[in-house]
Amino acid sequence: MDYRQIRNKFVNGLYEYFNIPVVPIDDIGNKPDYPYISYKFITLKIPQGSHNLLRDIIPSTNENFEYDIEYTREEQLKMIISISTHSLDDIEAYQLALDIESWFKLHGYHYLKENGIVVVGTSNIQDKTIQIVDNYEKRQGFDVTIRVVDIQKMRIETIEQINMIRR
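First residue of the sequence shown: 1242, per this note's numbering; consecutive thereafter.
Hints should not be assumed to be uniformly reliable.
Unchecked claim - Computed list of lysine-lysine pairs in DSBU-like fashion (alpha-carbon distance at most 30 Å, straight line):
{"hint": "1", "residue 1": "Lys1319", "residue 2": "Lys1394"}
{"hint": "2", "residue 1": "Lys1286", "residue 2": "Lys1346"}
{"hint": "3", "residue 1": "Lys1286", "residue 2": "Lys1394"}
{"hint": "4", "residue 1": "Lys1250", "residue 2": "Lys1281"}
{"hint": "5", "residue 1": "Lys1346", "residue 2": "Lys1369"}
{"hint": "6", "residue 1": "Lys1250", "residue 2": "Lys1346"}
Claimed, not checked - Each pair of labels, with its calculated beta carbon distance range:
{"hint": "7", "residue 1": "Lys1319", "residue 2": "Glu1398", "range": "34 to 40 Å"}
{"hint": "8", "residue 1": "Tyr1312", "residue 2": "Ile1287", "range": "21 to 27 Å"}
{"hint": "9", "residue 1": "Asn1253", "residue 2": "Gln1336", "range": "18 to 24 Å"}
Calculated from the structure, these hints are not laboratory results. C-beta: ideal position from N, C-alpha, C; glycine also.
Sequences are here, hints too, so could you generate the full structure?
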(Lines of atoms letter the chains of each structure in order from A and count residues from 1; the text may use other names and numbers.)
(Lines give C-alpha, C1' and ligand atoms only; values in the text may rest on other atoms or scores of the structure.)
Protein backbone atom coordinates (compact mmCIF):
# COMPACT_ATOMS: atom_id res chain seq x y z
CA MET A 1 0.00 0.00 0.00
CA ASP A 2 1.45 3.36 -1.00
CA TYR A 3 -0.10 5.91 1.36
CA ARG A 4 1.48 8.86 -0.48
CA GLN A 5 -0.05 7.76 -3.79
CA ILE A 6 -3.51 7.30 -2.21
CA ARG A 7 -3.31 10.72 -0.55
CA ASN A 8 -2.10 12.43 -3.73
CA LYS A 9 -4.87 10.94 -5.90
CA PHE A 10 -7.48 11.94 -3.34
CA VAL A 11 -6.14 15.50 -2.89
CA ASN A 12 -5.50 16.08 -6.61
CA GLY A 13 -8.99 14.88 -7.51
CA LEU A 14 -10.62 17.33 -5.10
CA TYR A 15 -8.39 20.21 -6.18
CA GLU A 16 -8.88 19.61 -9.91
CA TYR A 17 -12.66 19.42 -9.56
CA PHE A 18 -13.25 22.32 -7.13
CA ASN A 19 -10.21 24.47 -7.96
CA ILE A 20 -9.73 25.52 -4.33
CA PRO A 21 -6.88 24.63 -1.95
CA VAL A 22 -6.90 21.21 -0.26
CA VAL A 23 -4.60 21.10 2.78
CA PRO A 24 -3.93 18.77 5.73
CA ILE A 25 -5.96 19.69 8.84
CA ASP A 26 -2.81 19.65 10.99
CA ASP A 27 -0.76 21.84 8.61
CA ILE A 28 0.99 24.46 10.74
CA GLY A 29 1.94 26.58 7.72
CA ASN A 30 0.03 29.59 6.46
CA LYS A 31 -3.66 29.03 5.91
CA PRO A 32 -4.86 29.47 2.34
CA ASP A 33 -7.46 32.10 1.46
CA TYR A 34 -11.08 31.15 2.10
CA PRO A 35 -12.76 28.95 1.11
CA TYR A 36 -10.58 25.89 1.38
CA ILE A 37 -10.83 22.17 2.11
CA SER A 38 -8.87 20.33 4.79
CA TYR A 39 -8.43 16.60 5.32
CA LYS A 40 -6.95 14.12 7.74
CA PHE A 41 -6.60 10.35 7.43
CA ILE A 42 -8.03 9.38 10.82
CA THR A 43 -7.86 5.61 10.31
CA LEU A 44 -5.18 4.22 8.01
CA LYS A 45 -5.81 0.51 8.16
CA ILE A 46 -8.94 -1.44 8.98
CA PRO A 47 -8.44 -5.02 7.69
CA GLN A 48 -11.49 -6.47 5.96
CA GLY A 49 -11.64 -10.18 6.63
CA SER A 50 -9.02 -12.56 5.35
CA HIS A 51 -6.30 -12.13 2.77
CA ASN A 52 -5.19 -13.95 -0.39
CA LEU A 53 -1.77 -15.56 -0.63
CA LEU A 54 -0.72 -16.36 -4.18
CA ARG A 55 2.35 -18.22 -5.40
CA ASP A 56 3.79 -17.81 -8.87
CA ILE A 57 6.83 -19.07 -10.72
CA ILE A 58 8.76 -16.19 -12.29
CA PRO A 59 12.07 -15.78 -14.17
CA SER A 60 15.02 -15.65 -11.78
CA THR A 61 17.18 -12.58 -11.29
CA ASN A 62 20.10 -14.91 -10.48
CA GLU A 63 21.90 -16.12 -13.60
CA ASN A 64 22.51 -19.51 -11.93
CA PHE A 65 18.79 -20.25 -11.72
CA GLU A 66 16.05 -20.31 -14.32
CA TYR A 67 13.12 -19.63 -12.00
CA ASP A 68 12.24 -18.11 -8.63
CA ILE A 69 9.04 -18.26 -6.62
CA GLU A 70 7.15 -15.06 -5.91
CA TYR A 71 4.60 -14.87 -3.12
CA THR A 72 1.96 -12.16 -3.31
CA ARG A 73 -0.21 -11.27 -0.32
CA GLU A 74 -3.32 -9.22 -1.08
CA GLU A 75 -5.57 -7.72 1.56
CA GLN A 76 -8.47 -5.28 1.33
CA LEU A 77 -8.20 -2.39 3.76
CA LYS A 78 -10.58 0.39 4.71
CA MET A 79 -9.36 3.91 5.46
CA ILE A 80 -11.34 6.77 6.97
CA ILE A 81 -10.65 10.37 5.97
CA SER A 82 -12.07 13.41 7.76
CA ILE A 83 -13.01 16.26 5.38
CA SER A 84 -13.73 19.84 6.50
CA THR A 85 -14.70 22.97 4.60
CA HIS A 86 -13.49 26.35 5.86
CA SER A 87 -15.03 29.75 5.17
CA LEU A 88 -16.04 33.01 6.83
CA ASP A 89 -19.51 32.59 5.33
CA ASP A 90 -21.72 29.82 6.72
CA ILE A 91 -23.66 29.31 3.47
CA GLU A 92 -20.42 28.93 1.51
CA ALA A 93 -19.12 26.35 4.01
CA TYR A 94 -22.42 24.41 3.92
CA GLN A 95 -22.65 24.40 0.13
CA LEU A 96 -19.03 23.36 -0.34
CA ALA A 97 -19.50 20.45 2.10
CA LEU A 98 -22.63 19.33 0.22
CA ASP A 99 -20.81 19.61 -3.12
CA ILE A 100 -17.81 17.63 -1.89
CA GLU A 101 -20.03 14.93 -0.42
CA SER A 102 -21.82 14.69 -3.80
CA TRP A 103 -18.44 14.54 -5.58
CA PHE A 104 -17.55 11.41 -3.62
CA LYS A 105 -20.80 9.79 -4.76
CA LEU A 106 -20.40 10.37 -8.51
CA HIS A 107 -17.49 12.24 -10.13
CA GLY A 108 -15.00 11.43 -7.38
CA TYR A 109 -16.25 7.88 -7.07
CA HIS A 110 -15.34 7.17 -10.70
CA TYR A 111 -12.09 9.17 -10.60
CA LEU A 112 -10.87 7.37 -7.48
CA LYS A 113 -12.04 3.95 -8.72
CA GLU A 114 -9.91 4.41 -11.86
CA ASN A 115 -6.97 4.89 -9.49
CA GLY A 116 -7.58 1.78 -7.36
CA ILE A 117 -9.50 3.54 -4.57
CA VAL A 118 -13.14 2.66 -3.91
CA VAL A 119 -15.44 5.03 -2.02
CA VAL A 120 -17.44 2.93 0.46
CA GLY A 121 -19.52 5.78 1.88
CA THR A 122 -19.73 9.12 3.65
CA SER A 123 -20.98 10.10 7.10
CA ASN A 124 -23.45 12.87 7.91
CA ILE A 125 -22.24 16.45 7.46
CA GLN A 126 -21.73 18.14 10.84
CA ASP A 127 -21.04 21.67 12.04
CA LYS A 128 -17.41 22.16 13.12
CA THR A 129 -17.41 25.97 13.43
CA ILE A 130 -14.74 27.42 15.73
CA GLN A 131 -14.06 30.83 17.22
CA ILE A 132 -10.78 32.45 16.23
CA VAL A 133 -10.13 35.53 18.42
CA ASP A 134 -13.10 37.84 17.62
CA ASN A 135 -14.38 35.98 14.57
CA TYR A 136 -15.85 32.62 13.69
CA GLU A 137 -14.43 30.29 11.07
CA LYS A 138 -17.39 28.46 9.58
CA ARG A 139 -16.61 24.79 9.18
CA GLN A 140 -18.63 21.85 8.00
CA GLY A 141 -17.26 18.33 7.96
CA PHE A 142 -17.85 14.67 7.36
CA ASP A 143 -15.92 11.42 7.07
CA VAL A 144 -15.29 9.41 3.92
CA THR A 145 -14.60 5.68 4.04
CA ILE A 146 -12.50 4.29 1.20
CA ARG A 147 -11.22 0.83 0.40
CA VAL A 148 -7.85 -0.04 -1.13
CA VAL A 149 -5.93 -3.23 -1.81
CA ASP A 150 -2.65 -3.71 0.05
CA ILE A 151 -0.25 -5.85 -1.99
CA GLN A 152 2.99 -7.25 -0.62
CA LYS A 153 5.45 -9.32 -2.66
CA MET A 154 8.32 -11.58 -1.69
CA ARG A 155 10.72 -13.36 -4.05
CA ILE A 156 12.44 -16.61 -3.04
CA GLU A 157 15.24 -18.10 -5.07
CA THR A 158 14.74 -21.73 -5.89
CA ILE A 159 17.26 -24.51 -5.61
CA GLU A 160 17.21 -26.08 -9.02
CA GLN A 161 20.28 -28.25 -8.87
CA ILE A 162 22.47 -29.63 -6.12
CA ASN A 163 25.73 -31.51 -6.20
CA MET A 164 26.01 -34.38 -3.76
CA ILE A 165 29.25 -35.95 -2.75
CA ARG A 166 29.06 -39.50 -1.40
CA ARG A 167 31.51 -40.66 1.16
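Comparing the hints with the structure gives:
no.	hint	verdict
1	Lys1319 / Lys1394	20 Å, holds
2	Lys1286 / Lys1346	22 Å, holds
3	Lys1286 / Lys1394	18 Å, holds
4	Lys1250 / Lys1281	14 Å, holds
5	Lys1346 / Lys1369	22 Å, holds
6	Lys1250 / Lys1346	16 Å, holds
7	Lys1319 / Glu1398: 34 to 40 Å	35 Å, holds
8	Tyr1312 / Ile1287: 21 to 27 Å	24 Å, holds
9	Asn1253 / Gln1336: 18 to 24 Å	22 Å, holds
In this structure, every one of the numbered hints holds.
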